[in-house]
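Chain by chain, the residues:
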Amino acid sequence: MADRPAQLIACHYCDLLQREIPLNPGCTASCSRCGAVLYRNATDSIDRTLAYTLAAAVLFAVANTFPIFSIEVQGDRSAINLYGAVASLWDQEMKSIALLVLITAIVMPAVELISMTYLLLPLKFRRVPPGCALFMRTLRYVEPWGMVEVFMLGVLVSLVKLTSSFKVIPGIALWSFGALTLLLAAVASSFSARDVWARLEQGNKERGEP
Amino acid sequence: MSRLASSAANRMLCSCQVCNLVSRKTQLAYPAHCPRCGTLLHFRRPASVARCWALLIAAYILYIPANLLTIMETGSLFSYRSDTIMSGIVHLWKTGSWMIAVIVFIASVTIPLLKLISLTLLLISVQRRSLWRPRERTRLFRLIELVGRWSMLDIYVVTLLAALVQLGAMATVKAGPGAVAFGAVVVLTMFAAMQFDPRLIWDPLQRKDLHD
Numbered sequence: 001m002a003d004r005p006a007q008l009i010a011c012h013y014c015d016l017l018q019r020e021i022p023l024n025p026g027c028t029a030s031c032s033r034c035g036a037v038l039y040r041n042a043t044d045s046i047d048r049t050l051a052y053t054l055a056a057a058v059l060f061a062v063a064n065t066f067p068i069f070s071i072e073v074q075g076d077r078s079a080i081n082l083y084g085a086v087a088s089l090w091d092q093e094m095k096s097i098a099l100l101v102l103i104t105a106i107v108m109p110a111v112e113l114i115s116m117t118y119l120l121l122p123l124k125f126r127r128v129p130p131g132c133a134l135f136m137r138t139l140r141y142v143e144p145w146g147m148v149e150v151f152m153l154g155v156l157v158s159l160v161k162l163t164s165s166f167k168v169i170p171g172i173a174l175w176s177f178g179a180l181t182l183l184l185a186a187v188a189s190s191f192s193a194r195d196v197w198a199r200l201e202q203g204n205k206e207r208g209e210p
Numbered sequence: 001m002s003r004l005a006s007s008a009a010n011r012m013l014c015s016c017q018v019c020n021l022v023s024r025k026t027q028l029a030y031p032a033h034c035p036r037c038g039t040l041l042h043f044r045r046p047a048s049v050a051r052c053w054a055l056l057i058a059a060y061i062l063y064i065p066a067n068l069l070t071i072m073e074t075g076s077l078f079s080y081r082s083d084t085i086m087s088g089i090v091h092l093w094k095t096g097s098w099m100i101a102v103i104v105f106i107a108s109v110t111i112p113l114l115k116l117i118s119l120t121l122l123l124i125s126v127q128r129r130s131l132w133r134p135r136e137r138t139r140l141f142r143l144i145e146l147v148g149r150w151s152m153l154d155i156y157v158v159t160l161l162a163a164l165v166q167l168g169a170m171a172t173v174k175a176g177p178g179a180v181a182f183g184a185v186v187v188l189t190m191f192a193a194m195q196f197d198p199r200l201i202w203d204p205l206q207r208k209d210l211h212d
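Quick mapping for you: the protein sequence lines, in order, are chains C and L. Per the numbering used here, the first sequence starts with residue 1, numbered consecutively. Per the numbering used here, the second sequence starts with residue 1, numbered consecutively.
Excised from the complex, chain L in its bound form (with noise of 0.2 Å):
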């Protein structure tokens, strides 16, 4: 590569993260503001990795309640059911609405887990400084970034049958406490994610290019 393949931090030059402008921060202990927006100046994201631990274990522990407690309750005269995640996954399929189980199943399973696997992975190969495909693993967590929000599908739905559907004896929809712990996990991912620095995977690579 050119003469300028170097990361911006490697020649003390730091990129606002608000407005993209790029300035020379010299003083490392003294904290500097971007001179077009005024943001705070960092090379990479403070405690990055500390933060993003924090959240994502979080995120596990409640997945546990998110998938195991009731995420709905319908009840009417005739019959009452009361559905974890899965179960109302598999009930859609059960009734013939397998279009709209395989929707659901993706953005309330799949794409979770998705989330935090991945994101265990990119903070283990980071603390290890892992030379291991850093172009995969960058796109890898701008998936994660595009697709997360889509989680909080199931929330929305339980949110507009809990509202619509309360019509005393005829039929009821409650919310049940697996929503909590669910919409928890997914807002607790999102700043999982935001706290991340994809940055931190291209570094060890920059030092081994620098000593060689």
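The following block holds chain C by itself, in its conformation from the complex (with noise of 0.2 Å):
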């Protein structure tokens, strides 16, 4: 089964057999025949993303604990974070719309952020964590399902839908949310799976294993 050619690469969307190529920084190499990425040359990929990672943890953190907006009317007021909402919609017999939105806006996220710092924090002082191939399928098998991006748009819609009939006030969350989107956006560009694995080979070859 084994034997392995050297720095070939195929592409996932149409299997075409290419040789890799060198990149310079900031490149991209696209498949010759449909055109998809195969392949970028990441500038300093692991610290950068490792530091967008952490930065996206805290606000993540905050975002999840502070409330995202709240509404008054006539002196009665309602706020909601996150996870209030999802419990919220649990207690209304609502249980697999809250599920839904656990998972796509909490869990996911989390699990991503968990496993990429537990991945690169390590990589980045030349350590091979344990279970690194295992935490890199998790990586490829949630990254479709964490949707941060689409619920900012939902609190975006939502936030105009309220103005027409109550007095909004936006909370700490609602800011965090929009500045989360954009470092999951920064963690996503300069995340290479590529060098990760590049650099999980080396240090395991100077650990002497296959």
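Worth flagging that the hints you see were computed from the coordinates, not collected in a lab. Among the hints, erroneous ones may be present.
[To be verified] Covered, in the sense of this in silico footprint (three residues per stretch, anywhere, with C-beta under 8 Å from a C-beta of chain C), are these stretches of chain L: (1) 157-168; (2) 176-187.
[Stated by the list, open to error] To give a feel for the contact side, a few chain C residues facing chain L, derived at Cβ under 7 Å: (3) Ala10; (4) Asp15; (5) Asp76; (6) Ala110; (7) Val111; (8) Gly131; (9) Phe135; (10) Arg137; (11) Leu153; (12) Ser158; (13) Trp197.
[What the hints assert, rightly or not] Below, a list of computed lysine-lysine pairs in the DSS-like style, where the Cα atoms sit at most 25 Å apart: (14) C:Lys167 <-> L:Lys25; (15) C:Lys95 <-> L:Lys174; (16) L:Lys174 <-> L:Lys94.
A virtual CB, placed ideally from N, CA and C, is assigned to each residue, including glycine.
Dock chain one against chain two, each of which comes alone in its own frame, and use the hints as you go.
Now the structure itself:
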């Protein structure tokens, strides 16, 4: 099974077999047949992604604890944070929707941030974390389900809908979600799985493992 | 193209879906694992077309209640409204928030329809081993992958409003059964897109090249 032809890459979209070529920093290699992105040479991928991830983790905690916004009607005030919204929907017998929001807006982004930190923090100090293949696999399957940016747009649409009938007071989490959206985009664009695998292989070699 | 212009599978090479490593898979019948990350290797996603069809048909069926049933109920002392996806958009448009109406229309109507129709088209063309515009079809698939998640917009809006606006007689917003069906359509089409293997689009081309 396992002899390895060096420097070959197959496009994930059309399976065309190609040779890898060295890239200038910031450049992207795309498939010569279907145009899909094959790999990138992201500058300082590991350092930058780690920095963005840690910043995103702090904002994620803030965004989940503080209220997103509150409304005020004749002295009555009602505020929600993300988890509160999920819990409220669960109580209203909309359990499937509550679960869907819980998974896509809280659990999946959290898993993504934890896995990134678990992988990149040791790698930064030239150590190989145990179970790294498992975490790389997790990252790949989690990625399509974290929908913080869609949630952010949902917050903005609700805001506009609410302003027509209530006095709306924006909360701290609203700004945190905005910044979190940008940081997660930065994480996604600076992360390069290819660099991580290269570093992992190098680390294993140094420790004398196959 | 160069001597290398061949699909990896043609040369018994298999690319790992997780770490992209290309390795040789010689015994077709036995399961093989990626030497670098241990993921199970497949030349093509197993039963891709059948699974994708199953999820897609389920999505088509649920698309009907998603559009006909109430997605959100708004009630207060003076008024009561129950909105489906479409009537909610029309209401937004009429009350002057036409920007928001357009955004919600794109996320809740255009994108789900685009996904359902495009996946059907891709599946039929793959089953007929069509040679028609493989590059454009691959691009269409990438587009579906990219925009699919944005249909969750309405689910988030309903969640936020239903959780926040609970002021008893003053104003109350409730999520309706349409929201459950719509959420299911979004999730099912996302799973369907994940099951579809775009490399199948290119396989007929490859075989033809081999025979010529």
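Less than 7 Å between beta-carbons is the criterion; does C:Asp76 satisfy it with respect to chain L?
Because about 6 Å separates C:Asp76 from the closest Cβ in chain L, which is inside the 7 Å limit, the hint holds.
Does the closest beta carbon of chain L sit nearer than 7 Å to the beta carbon of C:Gly131?
11 Å, violated
Should the hint that C:Arg137 touches chain L count as held when the rule is a Cβ pair under 7 Å?
5 Å, holds
How about C:Val111: closest beta carbon in chain L under 7 Å, or not?
16 Å, violated
Per the coverage rule (Cβ-Cβ under 8 Å, at least three residues), is the segment 176-187 of chain L covered by chain C?
Coverage by chain C holds for the segment 176-187 of chain L (5 residues, Cβ < 8 Å).
Coverage of the segment 157-168 of chain L by chain C (three or more Cβ within 8 Å)
holds (count 11)
Would you check whether C:Leu153 satisfies its interface hint, that is, whether its CB is within less than 7 Å of any CB in chain L?
6 Å, holds
Given pair status - L:Lys174, C:Lys95, alpha carbons within 25 Å:
Holds, because 13 Å separates the two Cα atoms, which is no more than 25 Å.
Is the hint on C:Trp197 kept, meaning its closest Cβ partner in chain L is under 7 Å away?
This interface hint holds because 5 Å falls under the 7 Å limit.
Run the distance test for L:Lys174 versus L:Lys94: straight-line Cα separation, threshold 25 Å.
Holds, at about 22 Å.
Interface hint compliance - C:Phe135 to chain L, C-beta minimum distance less than 7 Å
This interface hint is violated because 10 Å lies over the 7 Å limit.
Cut-off 7 Å, beta-carbon criterion: hint that C:Asp15 touches chain L
4 Å, holds
When each numbered hint is compared with the structure, violations occur for hints 6, 7, 8, 9 and 14.
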